[in-house]
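Colleague: Chains Z and X, in that order, give the protein sequences.
So in our numbering, spot 306 of the first sequence is number 306, and the numbers just go up one at a time.
So in our numbering, spot 27 of the second sequence is number 27, and the numbers just go up one at a time.
Mixed in with the good hints there might be a few duds.
In silico EDC-like pairs for lysine to aspartate or glutamate, Cα to Cα no more than 16 Å straight-line [said to hold, decoys possible]: (1) Z:K221 to X:D96; (2) Z:K304 to Z:D316; (3) Z:K202 to Z:D226; (4) X:K258 to X:D204; (5) X:K304 to Z:D75; (6) Z:K258 to Z:D204; (7) X:K221 to Z:D278; (8) X:K63 to X:E24; (9) X:K221 to Z:D316; (10) Z:K221 to X:D204; (11) Z:K40 to Z:E289; (12) X:K79 to X:D96; (13) Z:K146 to Z:D226; (14) Z:K33 to Z:D75; (15) Z:K304 to X:D279; (16) Z:K221 to X:E111; (17) X:K221 to Z:D204; (18) X:K304 to X:E284.
Just so you know, the hints here were simulated from the structure itself, not pulled from any lab data.
Protein chains: 2
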Amino acid sequence: MIRPVEWRNGAVVLLDQRLLPGQEVYRVYRDHKEVAKAIKDMVVRGAPAIGVTAAMGIALGMKTSRSRDLRRTFDAICKRFAATRPTAVNLFWAIDRMRNAFDEIADRSPEVVREVLRQEALTIHEEDIANNRALGGFGASLLPRKGTVLTHCNAGALATAGYGTALGVIRAAHESGKKLTVLADETRPFLQGARLTAWELKKDRIPVTVITDNMSGHLFKTGAIDAVVVGADRIAANGDAANKIGTYMVAVLAARHKIPFYVAAPVSTVDPNSPTGDDIPIEERPSREVTHILGEPITPRGVKVANPAFDVTPNDLITAIITDRGVAKRPYKRSLAKLLRSPAQAKKQRAKPSTRP
Amino acid sequence: MIRPVEWRNGAVVLLDQRLLPGQEVYRVYRDHKEVAKAIKDMVVRGAPAIGVTAAMGIALGMKTSRSRDLRRTFDAICKRFAATRPTAVNLFWAIDRMRNAFDEIADRSPEVVREVLRQEALTIHEEDIANNRALGGFGASLLPRKGTVLTHCNAGALATAGYGTALGVIRAAHESGKKLTVLADETRPFLQGARLTAWELKKDRIPVTVITDNMSGHLFKTGAIDAVVVGADRIAANGDAANKIGTYMVAVLAARHKIPFYVAAPVSTVDPNSPTGDDIPIEERPSREVTHILGEPITPRGVKVANPAFDVTPNDLITAIITDRGVAKRPYKRSLAKLLRSPAQAKKQRAKPSTRP
Numbered sequence: 001m002i003r004p005v006e007w008r009n010g011a012v013v014l015l016d017q018r019l020l021p022g023q024e025v026y027r028v029y030r031d032h033k034e035v036a037k038a039i040k041d042m043v044v045r046g047a048p049a050i051g052v053t054a055a056m057g058i059a060l061g062m063k064t065s066r067s068r069d070l071r072r073t074f075d076a077i078c079k080r081f082a083a084t085r086p087t088a089v090n091l092f093w094a095i096d097r098m099r100n101a102f103d104e105i106a107d108r109s110p111e112v113v114r115e116v117l118r119q120e121a122l123t124i125h126e127e128d129i130a131n132n133r134a135l136g137g138f139g140a141s142l143l144p145r146k147g148t149v150l151t152h153c154n155a156g157a158l159a160t161a162g163y164g165t166a167l168g169v170i171r172a173a174h175e176s177g178k179k180l181t182v183l184a185d186e187t188r189p190f191l192q193g194a195r196l197t198a199w200e201l202k203k204d205r206i207p208v209t210v211i212t213d214n215m216s217g218h219l220f221k222t223g224a225i226d227a228v229v230v231g232a233d234r235i236a237a238n239g240d241a242a243n244k245i246g247t248y249m250v251a252v253l254a255a256r257h258k259i260p261f262y263v264a265a266p267v268s269t270v271d272p273n274s275p276t277g278d279d280i281p282i283e284e285r286p287s288r289e290v291t292h293i294l295g296e297p298i299t300p301r302g303v304k305v306a307n308p309a310f311d312v313t314p315n316d317l318i319t320a321i322i323t324d325r326g327v328a329k330r331p332y333k334r335s336l337a338k339l340l341r342s343p344a345q346a347k348k349q350r351a352k353p354s355t356r357p
Numbered sequence: 001m002i003r004p005v006e007w008r009n010g011a012v013v014l015l016d017q018r019l020l021p022g023q024e025v026y027r028v029y030r031d032h033k034e035v036a037k038a039i040k041d042m043v044v045r046g047a048p049a050i051g052v053t054a055a056m057g058i059a060l061g062m063k064t065s066r067s068r069d070l071r072r073t074f075d076a077i078c079k080r081f082a083a084t085r086p087t088a089v090n091l092f093w094a095i096d097r098m099r100n101a102f103d104e105i106a107d108r109s110p111e112v113v114r115e116v117l118r119q120e121a122l123t124i125h126e127e128d129i130a131n132n133r134a135l136g137g138f139g140a141s142l143l144p145r146k147g148t149v150l151t152h153c154n155a156g157a158l159a160t161a162g163y164g165t166a167l168g169v170i171r172a173a174h175e176s177g178k179k180l181t182v183l184a185d186e187t188r189p190f191l192q193g194a195r196l197t198a199w200e201l202k203k204d205r206i207p208v209t210v211i212t213d214n215m216s217g218h219l220f221k222t223g224a225i226d227a228v229v230v231g232a233d234r235i236a237a238n239g240d241a242a243n244k245i246g247t248y249m250v251a252v253l254a255a256r257h258k259i260p261f262y263v264a265a266p267v268s269t270v271d272p273n274s275p276t277g278d279d280i281p282i283e284e285r286p287s288r289e290v291t292h293i294l295g296e297p298i299t300p301r302g303v304k305v306a307n308p309a310f311d312v313t314p315n316d317l318i319t320a321i322i323t324d325r326g327v328a329k330r331p332y333k334r335s336l337a338k339l340l341r342s343p344a345q346a347k348k349q350r351a352k353p354s355t356r357p
């Protein structure tokens, strides 16, 4: 099983996704500041994986700190992680969970605090895998018995603690005997589809064909696509879903050609504090990701580029939202609120001071 | 002025567009077989430029041939060029023009035949530039006085004998004092937008911002795009337009956001023998263009890819078709037929044996 993030021997270990598929390199982090930088630099990416990594990074920071003011240290560490990437809400959700755990034992000895935070991070990690498996089970039944499923970016094992959200649905369908071929958008500029989704699916022997991001329209038109499944970095209360740049174009094309368009994400991706997609901040990434590929320039020197990392797909283009607690359908405001209230994480949903910006 | 193809000292000279923007290299061809290979390998690309290059290649082939059977030689050379790229109809149009010229003087001396064919190729070259300027004039008035124009691929000076079709419209508007910024889709897999469109526009000091192909949807949604202008490789009699892969997705998004979508191409791009877009053959290019960038692999080894080079935008998504003889509007079957019958090339339109497949 692919493990993009792990806690091992008191350190955080990340599979460096920037080097895939050419090299499989695991980096060991003993400094939480370096973990935060790794999130920012996309050593690890994918909303759920970012959340798990931040939780482990916070546990690491508390473990290595020599300060006697635990709360001040904790707040500073959380602030650092909250500033890494603005769009994925799982990051803020994970920080909130760590804060809840901290608040409950803040007056105990440093040893107890450290151990409880380490345990909470490990729990978040384990729950994410379990949640993905549950999500995969709910979603698998929505896919055809035989056909071609388009996905954008990488919402796979590499984007989570393991198994994946969108790819989790495809994996579960594949495991249940459905004959699926995956079309993977290469997903410029970071090429998560060409590099990561193709790598994962090849490992699992699920047939995959890589296309450039501008080809799916033609393939929808020629009837080559039966369903679309993508992940999400933040889902607004009304079902509008922020995901990797380009998702919106795929959704518009799917709607035009009457092909079901599914969003797969754990309920931790749903942000009740963002009423609509307009309330979701869109991260602008460095120019160099667009102007250079593998370190080589592809544009004339000094040319201006834009690099918004995400876009928002409006809820009316989404056929269903597949979560770890069941499948939400329109109207999403009601169905998502119901899933958020369901038992699994009721305890964690109690109002606490939020780190969300 | 940028000259991607020229006849110089009895040879065909091509600017190697595969090396731009890093290197500006002009290759001298004295063998017509190498010119045909250069078209296939995309040393030169863009429907009008391919047409001009094929005409010059045919003149070169006749000039260097030692055969005494001129017609057999001519037919063999035309067949070779007709087999280079299947979608751009300007290729077949140029071959037909060379054939018409040949038929009129086939019984004359080899010297006369060679000189007439050389002259015809030079005429096609000059006419293409003049046609682009006329086209630019017709199109410029359609663009806003101030705003942002999206283009896909490169339909510029580099895609023609000079000046360009879609970029010709933008150039003409810029020359007339309109304040335009160009958004250039990078256009995977060959990166014509990032490499060529950005290079041309920078040279002409027209403001340009490069985006990846999956970003325009988000920018349409945020109101950042005021108009779209693209070229075409073949326009069916009903106005359906084949152009670089990805154009269809842009057209669908433009329609959703009620932004005008213009196709700019000389009438030689209109193919009366293709009643609709379904009759246009779509070229499938080598996998390596998708799996490798600048010679380096971006996908796992052995992964399957698709590489259709073009798609077809249905006529109902096209606001207007800008040609060198005026602007065609819906219904295109009638308006395009009228432009095809208009005087400029009436002589050339006489029925002659066609090289079209």
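Colleague: If a hint holds in the structure, say so; if it does not, say that too.
Modeller: Verification of the supplied hints:
1. With a C-alpha separation of about 32 Å, the suggested pairing of K221 (chain Z) with D96 (chain X) is violated against the 16 Å cut-off.
2. Distance hint between K304 (chain Z) and D316 (chain Z) is unfulfilled; the C-alpha atoms sit about 34 Å from each other, more than 16 Å.
3. Note on K202 (chain Z) and D226 (chain Z): the hinted pairing is violated, with a Cα-Cα distance of about 21 Å set against a maximum of 16 Å.
4. Among the hinted pairs, K258 (chain X) with D204 (chain X) is inconsistent with the structure: their alpha-carbon atoms are about 30 Å apart, more than 16 Å.
5. For a cut-off of 16 Å, the pair hint linking K304 (chain X) to D75 (chain Z) is broken: about 48 Å separates their Cα positions.
6. Proximity of K258 (chain Z) to D204 (chain Z) is assessed by CA-CA distance (about 30 Å); at most 16 Å being required, the pair is judged violated.
7. Under the criterion of a C-alpha separation no larger than 16 Å, the hint pairing K221 (chain X) with D278 (chain Z) is consistent with the structure, at around 11 Å.
8. Restraint check for K63 (chain X) and E24 (chain X): not satisfied, since their Cα atoms lie roughly 28 Å apart, outside the 16 Å limit.
9. With a CA separation close to 15 Å, the supplied pair K221 (chain X) and D316 (chain Z) stays within the 16 Å bound.
10. The hinted pair formed by K221 (chain Z) and D204 (chain X) fails the criterion: a straight-line CA distance of about 37 Å is larger than 16 Å.
11. A threshold of 16 Å between alpha carbons decides the hint, and for K40 (chain Z) with E289 (chain Z) the separation of about 13 Å falls inside it, so the pair holds.
12. Between the alpha carbons of K79 (chain X) and D96 (chain X) the distance comes to roughly 11 Å, so the proposed pair stays at or under 16 Å and holds.
13. With a CA separation close to 9 Å, the supplied pair K146 (chain Z) and D226 (chain Z) stays within the 16 Å bound.
14. As the CA atoms of K33 (chain Z) and D75 (chain Z) are separated by approximately 14 Å, the hinted pair is consistent with the 16 Å bound.
15. Among the hinted pairs, K304 (chain Z) with D279 (chain X) is inconsistent with the structure: their alpha-carbon atoms are about 39 Å apart, more than 16 Å.
16. Restraint check for K221 (chain Z) and E111 (chain X): the C-alpha separation of about 51 Å exceeds 16 Å, so the hint is violated.
17. The hinted pair formed by K221 (chain X) and D204 (chain Z) fails the criterion: a straight-line CA distance of about 37 Å is larger than 16 Å.
18. Of the pairs offered as hints, the one joining K304 (chain X) and E284 (chain X) holds, with about 14 Å between alpha carbons and a cut-off of 16 Å not exceeded.
In this structure, the hints that do not hold are numbers 1, 2, 3, 4, 5, 6, 8, 10, 15, 16 and 17, in rising order.
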